[in-house]
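Same order as they appear, the protein sequences are chains R and F.
Quick note: the first sequence uses full-length UniProt numbering, first residue 1, plus one each step.
Quick note: the second sequence uses full-length UniProt numbering, first residue 1, plus one each step.
In case anyone wonders, no lab produced these hints; they're calculated from the structure.
If you're wondering where the values come from, they're calculated on a predicted model, not measured in any experiment.
Even glycine gets a Cβ: it sits at the ideal position worked out from N, Cα and C.
Keep in mind that the hints are not guaranteed to be accurate.
Stated by the list, open to error - Which chain F residues face chain R? A few, computed with CB under 10 Å, are given here: (1) Gly117; (2) Ala122; (3) Ala124; (4) Leu125; (5) Val136; (6) Pro139.
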Amino acid sequence: MSSSEHNENSEHTNPAVDGSELIKFDNVTKRFGSKVVLDNLCFDVSSGKHVTLIGPSGSGKTTILRLLMTLMKPEEGTIKVGGHYLTHEEKGGKLVPAGEKHIREVRKNIGMVFQQFNLFPNMKVLRNLTEAPVHVLGLSKEEAEQRARELLELVGLTEHIDKYPSQLSGGQQQRVAIARALAMRPQVLLLDEVTSALDPELVAGVLDVLRDIAHTTDITMLCVTHEMNFARDISDDVLMFDAGRVIESGAPEKIFSDPEHERTREFLGAVL
Amino acid sequence: MEWDWSAVDDFMPEFWDGVLTTLQVLALGSLISFGLGLVWAMALRARTRFITWPVALINEFIRNTPLLIQLFFFFFVLPEWDVQFSTLTTGVLAIGLHYSTYTAQVYRAGIDGVPVGQWEAATALNLPRGRTWFAVILPQAIRRVIPALGNYVISMLKDTPMLAVIGVLEMLQRARQQGAETFQFVEPITVVGVAFILIAYPASVLMRFLERRLVQQ
Chain R
1 MSSSEHNENS
11 EHTNPAVDGS
21 ELIKFDNVTK
31 RFGSKVVLDN
41 LCFDVSSGKH
51 VTLIGPSGSG
61 KTTILRLLMT
71 LMKPEEGTIK
81 VGGHYLTHEE
91 KGGKLVPAGE
101 KHIREVRKNI
111 GMVFQQFNLF
121 PNMKVLRNLT
131 EAPVHVLGLS
141 KEEAEQRARE
151 LLELVGLTEH
161 IDKYPSQLSG
171 GQQQRVAIAR
181 ALAMRPQVLL
191 LDEVTSALDP
201 ELVAGVLDVL
211 RDIAHTTDIT
221 MLCVTHEMNF
231 ARDISDDVLM
241 FDAGRVIESG
251 APEKIFSDPE
261 HERTREFLGA
271 VL
Chain F
1 MEWDWSAVDD
11 FMPEFWDGVL
21 TTLQVLALGS
31 LISFGLGLVW
41 AMALRARTRF
51 ITWPVALINE
61 FIRNTPLLIQ
71 LFFFFFVLPE
81 WDVQFSTLTT
91 GVLAIGLHYS
101 TYTAQVYRAG
111 IDGVPVGQWE
121 AATALNLPRG
131 RTWFAVILPQ
141 AIRRVIPALG
151 NYVISMLKDT
161 PMLAVIGVLE
171 MLQRARQQGA
181 ETFQFVEPIT
191 VVGVAFILIA
201 YPASVLMRFL
211 ERRLVQQ
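Just chain R, same shape as in the assembly:
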């Protein structure tokens, strides 16, 4: 995990499922105007791991997920997913900005759940779940619907299959969004503050679904959250961010109970 001194550390406490680096950030810098959001960031995530990014707002956590989802591009550095460059490709031994085809190919492995759900309001729940499997993965309508039903059962919303998103509560919409992301069978699931827009009483239902997925599948999760108990439950590793850098990383037991860095202590003191 993370910068080299922590790497061996976490390999010790959390042996990787198969030890391979599924995600690798190499000296990634992201700026918005003159503001540096990510500052020469290096870290990697092994296949099957559940990693939570914590830190004060504005520290660059969400930017990492958005870079991985190719919703934005880094100014410097490279990102690899499954051994392939995400926004670059190798041509004649040189790294060049990737074309649309290459990006689409690598992006296939990545799914994302958004803070604002972003379900398609013009489609019923079922079609929200089948649209991409049919038109991107090339599944038949029957296969896609079968899979959609299984996923709706997983998130506990079978009876809402024929409703429009606007007929569902926020928590239900977010569970549909989780199912929609899983329908593409991604290797990596990005969770961007998925409970932040929910009423407090709806948060638990969504987190339960995610716990279930974390414990029963081998999907790799990268999670930005303010729900520290949830982070403790599902994470193999926690990365503490501040000012665009990882300042501390390790197993949740370690980070939450005995953080090394003063900044981490301050942050946890404020949110716990």
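Go by the hints and put chain F onto chain R.
Leaving out everything else, chain F in the frame of chain R:
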């Protein structure tokens, strides 16, 4: 002056032909402006300036010159290029093209009104660009702008008399011809005026109804 019902009666055969022509222009002109306007609006969102700049230029040019000039241009210049259309076809093309630059703005507002999260969700699902447009963005955008598009249909209706300058015999031109023959202008022109109201008013009521149903929802 005296109102002469027999003059109204005499005008009726011509009048119905005129109504038919006006409605033809309106229907075909609307179809062209709705279709072409959508093409403009999507082209203005293209990822390369080689598309967006020329399209923006064409749109500004057409939108900022009078329909009358465009009608004359089509009427006198197209035959020079060996393109032979009937006056009706020429009129329909000109008015459809003219209004497409307005509907393009309407569509653009509708497309801009779709939350950016919808584009992002489509990207996250790896949906192809075309699928993102036609399955996700446009159904949401167009729903919101149907009333605004309808208002341009009403506006177009009121511009149809301009087609008379190139010889399209729509309602008003028939009334003028009738008047010229009989020296009774008041009756035919009044009939046509009433006809405009009878077409336009229900249309605007329908638009307000659609607005309540589609937009505030």
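Taking the closest Cβ pair, is alanine 124 of chain F under 10 Å from chain R?
4 Å, holds
Holds or violated: is there a CB of chain R closer than 10 Å to the CB of valine 136 of chain F?
5 Å, holds
With a cut-off of 10 Å on the beta carbons, see whether alanine 122 of chain F makes it to chain R.
8 Å, holds
Would the stated hint for glycine 117 of chain F survive a check requiring a Cβ distance to chain R of less than 10 Å?
4 Å, holds
Hey, does the leucine 125 of chain F contact hint survive, CB to chain R under 10 Å?
Holds: closest Cβ of chain R sits about 4 Å from leucine 125 of chain F, inside 10 Å.
Grab the minimum C-beta distance from proline 139 of chain F to chain R and call the hint holds if it beats 10 Å, violated otherwise.
4 Å, holds
In this structure, none of the earlier numbered hints is contradicted; all agree with it.
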